[in-house]
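Q: For reference, the chains in residue letters:
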Amino acid sequence: MSDVSQPATHPPVTDWVHDFDHTDPQWTDDPFPIWEDLRAASPVVHTERFLGCYMPTTYEAVREIANDTEHFSSRRIIVRDVRPEVARNAAPPITSDPPVHKPAKQLLLPPFTPDAMKKLEPRMRAICNELIDGFIADGKVDAAARYSKYIPVRAIAHMLGIPESDSDLFINWIHMILELGIKDENMLLQAVHEMSDYFRTQIEERRSRPTDDLISYLMNAKDKEGQPLEESHVLGSLRLLLIAGIDTTWSAIGSSLWHLARTPADRERLIAEPELIPTAVEELLRAYSPVTMAREVVKETTISGCPVKPGNMVLLSFPAANRDPKMFPDADKVVIDRRENRHAAFGLGIHRCVGSNLARMEMQVALEEWLKRIPDFRLDPAGTVTWSQGTVRGPRQLPFLLGKAI
Amino acid sequence: MAERLKVRVDPDKCQGHARCKALAPELFELDEYGNAHESGDGTVPPGLEDKAWLAKSNCPEIAIDVIEE
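Protein chains in written order, with the numbering used here: chain A, 1 to 406; chain B, 407 to 475.
Bound conformation, chain B alone (with noise of 0.2 Å):
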């Protein structure tokens, strides 16, 4: 069964570390400071849903939620 994704960046827990943007470049930006946040709503576009789990398991603040919808 497809599941929709959405993944959110907790702005109080990211260091600006930017491996989220690294690994993942269509779901996540950078603000002036380098720290993340995630593109638009944070929806997960079809096909990309590898590179939300990559991001969120290679934050090392754990910063990063994906939620299931």
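Bound conformation, chain A alone (with noise of 0.2 Å):
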């Protein structure tokens, strides 16, 4: 297992509108005013780095690109600097195209929806209330590092019935595969590699003791034909399992605690009016939306008026789309009571996040539990908030003092 370190950097960005990078400190620090400088300029703006990359600027420009699966293509989903060969099942369905798309979306859906999610609230309250348990009494926490990090991964560690206990190995490869990966193509290979063998290892057990986990579901499931799914196909759906349902999920906790940290009135509505929480989780995911995905042109075409060109990736920006203002009034502020909310944070189209109702309800539960017992809480200005780089952000260092301010 390799050492976290930092990602590598590339030369900074002086030229937004022509010149972007996703990578860049000053967009990891705070994206919003970049992304509106891009929308001003264009609703498709280019880069020549990571090979030769655009981004659509605008809600519409993001809807048209996710609904259009004939010239973008999911093979390729997130934005590097290296385009490694294209591997059979990478990570079904993210990175399948239709006609294969859709049974192998249909195989995930089932023990994904809101009433599956349902049976699982009790065990997430559960490790909510434990994690809270272990910082409480301190008075500080990076509410980052001890909270929100470990309900995804242990969340999805539950259901697919491998170790809680390995929730920071899995940490690392995601790490590995979404930050480090993206500017370093050998940390991106050994983290899957190590991921592979994992899954292997648990898929072996799972033959002479069978369980009703995630991975015996997908090991059991069967094709249209009846056949069993190749061994390549349950790995590259376990491997997106792991993968998409950590950071994700970890960042938009995160994001929404840092934001009630530095909003005491939304706070204190929340706790006054706890029955607000699933609208005010909607309106936190549109506005710190965590996931950035991406397209690979495949067939030259127009996005709102503007030409692509095959072989260059696109930074499907939710994230923009989600803070355009022609879709959202004041899109720049959070209003918790926000009643219309198209946000597109999960996607749009066939690729609709798999996970949405697991993410909603470990946000919920996530939130409600910790306004519960520790009602009062903000930022330790001795401490820093850092975010993460690339197609996920969220907070990775939270400090917060604990209780009310002396």
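Be aware that one or more of the hints could be misleading.
Unchecked claim - Calculated lysine-lysine pairs in the DSBU-like style (CA-CA distance at most 35 Å, straight line):
#1 A/LYS118 with B/LYS412
#2 A/LYS309 with B/LYS412
#3 B/LYS457 with A/LYS299
#4 B/LYS457 with A/LYS105
#5 A/LYS224 with B/LYS419
#6 A/LYS404 with A/LYS140
#7 A/LYS372 with B/LYS412
#8 A/LYS105 with A/LYS118
#9 A/LYS119 with A/LYS105
Stated by the list, open to error - Residues from chain A that keep clear of chain B, each with C-beta distances beyond 12 Å, as calculated:
#10 GLU36
#11 ARG76
#12 VAL82
#13 ASP166
#14 GLU204
#15 LEU214
#16 LYS224
#17 PRO274
#18 GLU282
#19 GLU300
#20 ARG339
#21 LEU348
#22 ARG352
#23 VAL385
Unchecked claim - What follows is a list of derived Cβ distance ranges for each label pair:
#24 B/GLU455 with A/PRO84: 50 to 58 Å
#25 A/THR9 with B/ASP418: 44 to 52 Å
#26 A/ALA382 with B/ASP418: 35 to 43 Å
#27 A/LEU379 with B/THR449: 34 to 42 Å
#28 A/LYS102 with B/PRO451: 29 to 37 Å
#29 B/THR449 with A/ASP29: 16 to 24 Å
#30 B/ARG410 with A/LEU51: 22 to 30 Å
#31 A/ASP212 with B/PRO451: 33 to 41 Å
#32 B/THR449 with A/GLU225: 36 to 44 Å
#33 B/ILE468 with A/ARG75: 44 to 52 Å
No lab work stands behind these hints: they were computed from the structure. Note that the structure is predicted; figures quoted are calculated from it, not measured. Glycine included, each C-beta is placed from N, C-alpha and C at the ideal position.
With the hints as a guide, dock the two chains, each given alone in a separate frame, to form the complex.
A: Here you go:
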């Protein structure tokens, strides 16, 4: 297992409109004003970085691309400095295009319905309270490192039937794939191999002793012809569930707590009106959407009147779409009781996040349990908030002081 | 003038975000994949009109119609 280190750097950006870079520290720290500038310039901007990459800046352009599987392929879903060969069954269905996408997606949907998630809720409440027990007496905490980080990883480990105590191992792989792997192909491949080996061992164990978890579910699944899935498909889907299930929701919970730490009025309102939490969660998802996906242009076309050429990647920023003032009045404000909210935090079109119901449940439970036990908290002025780089955005260090300010 | 409302989900557009079911559980149902369809023939009982409009305005795929009859 490799040590977690800092991602490699790129030359700093001086011309955001023609040379944007979503790994630049300025973007990582505060992308919102950058997106406003890009949107004012064009509905689709281009950079030569990352071997050529477009970025739609409006909700409309993002929707057009998300719904156009003819010109935009999902075979590559992360914008990187490298374009490794496309692996067969990389992570179905997120990396699948029609027509193989639909059966691969339908396989994963039943275990993630809202009803299935309701059954998981008591376990999530217990996990959140266990985590809070671990630091509540200290008066201060890094809420990212000790709370938001462990909620989704333990949830997905529980569903997959792998030890929750291996959480740090999983978190390290995700960091290598989604952050360090943007600029370091070896890091990416190493994590993918380690993850595949881990799951192969799990599959082997279940051959002699079947379980009722998601690994056994995928091992027992049959395709339309009644045949079991290829092992590469089972492994690919398992990798997807682990990768997609962890720092996405970790980031969403962290950003939500970050907002509430800085916004006492919203915090007090949610404590007084806990029934508003599900609505507030949707708004926090809109305002601080964690996930930016990618597509690869495979056929020449135009998007919102802008020509796009094959071979380039597309930084499909759902977070930027969700800040488009044409779609959302007061898009730059967090309005926790916003009624009309067609946000695209979980994507649009056929690749809608399969775990969206899980993520929503985790966010609601994480905020409910936190606010019940820690109604007063604020950013620790002696600490520093840091944000992740790349595909998923969320706080990685979130120093809080707990209790009323004196 | 009281109008009767009906909701309808376009099954080709629905991607299973399940916002409608969360906001108006009386008006929508989900299938085994989590995709939505209207309950019964979609008629909105009196008092639930607001929920019908709310579901429509929160569907990310613009898959819900509210029809005034």
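Q: State for each hint whether it applies.
A: Each hint, compared with the structure:
no. : hint                               : in the structure
1   : A/LYS118 with B/LYS412             : 29 Å, holds
2   : A/LYS309 with B/LYS412             : 44 Å, violated
3   : B/LYS457 with A/LYS299             : 42 Å, violated
4   : B/LYS457 with A/LYS105             : 30 Å, holds
5   : A/LYS224 with B/LYS419             : 23 Å, holds
6   : A/LYS404 with A/LYS140             : 12 Å, holds
7   : A/LYS372 with B/LYS412             : 39 Å, violated
8   : A/LYS105 with A/LYS118             : 21 Å, holds
9   : A/LYS119 with A/LYS105             : 22 Å, holds
10  : GLU36                              : 22 Å, holds
11  : ARG76                              : 21 Å, holds
12  : VAL82                              : 31 Å, holds
13  : ASP166                             : 29 Å, holds
14  : GLU204                             : 30 Å, holds
15  : LEU214                             : 16 Å, holds
16  : LYS224                             : 15 Å, holds
17  : PRO274                             : 16 Å, holds
18  : GLU282                             : 8 Å, violated
19  : GLU300                             : 27 Å, holds
20  : ARG339                             : 7 Å, violated
21  : LEU348                             : 6 Å, violated
22  : ARG352                             : 4 Å, violated
23  : VAL385                             : 29 Å, holds
24  : B/GLU455 with A/PRO84: 50 to 58 Å  : 53 Å, holds
25  : A/THR9 with B/ASP418: 44 to 52 Å   : 45 Å, holds
26  : A/ALA382 with B/ASP418: 35 to 43 Å : 55 Å, violated
27  : A/LEU379 with B/THR449: 34 to 42 Å : 50 Å, violated
28  : A/LYS102 with B/PRO451: 29 to 37 Å : 35 Å, holds
29  : B/THR449 with A/ASP29: 16 to 24 Å  : 51 Å, violated
30  : B/ARG410 with A/LEU51: 22 to 30 Å  : 57 Å, violated
31  : A/ASP212 with B/PRO451: 33 to 41 Å : 39 Å, holds
32  : B/THR449 with A/GLU225: 36 to 44 Å : 41 Å, holds
33  : B/ILE468 with A/ARG75: 44 to 52 Å  : 27 Å, violated
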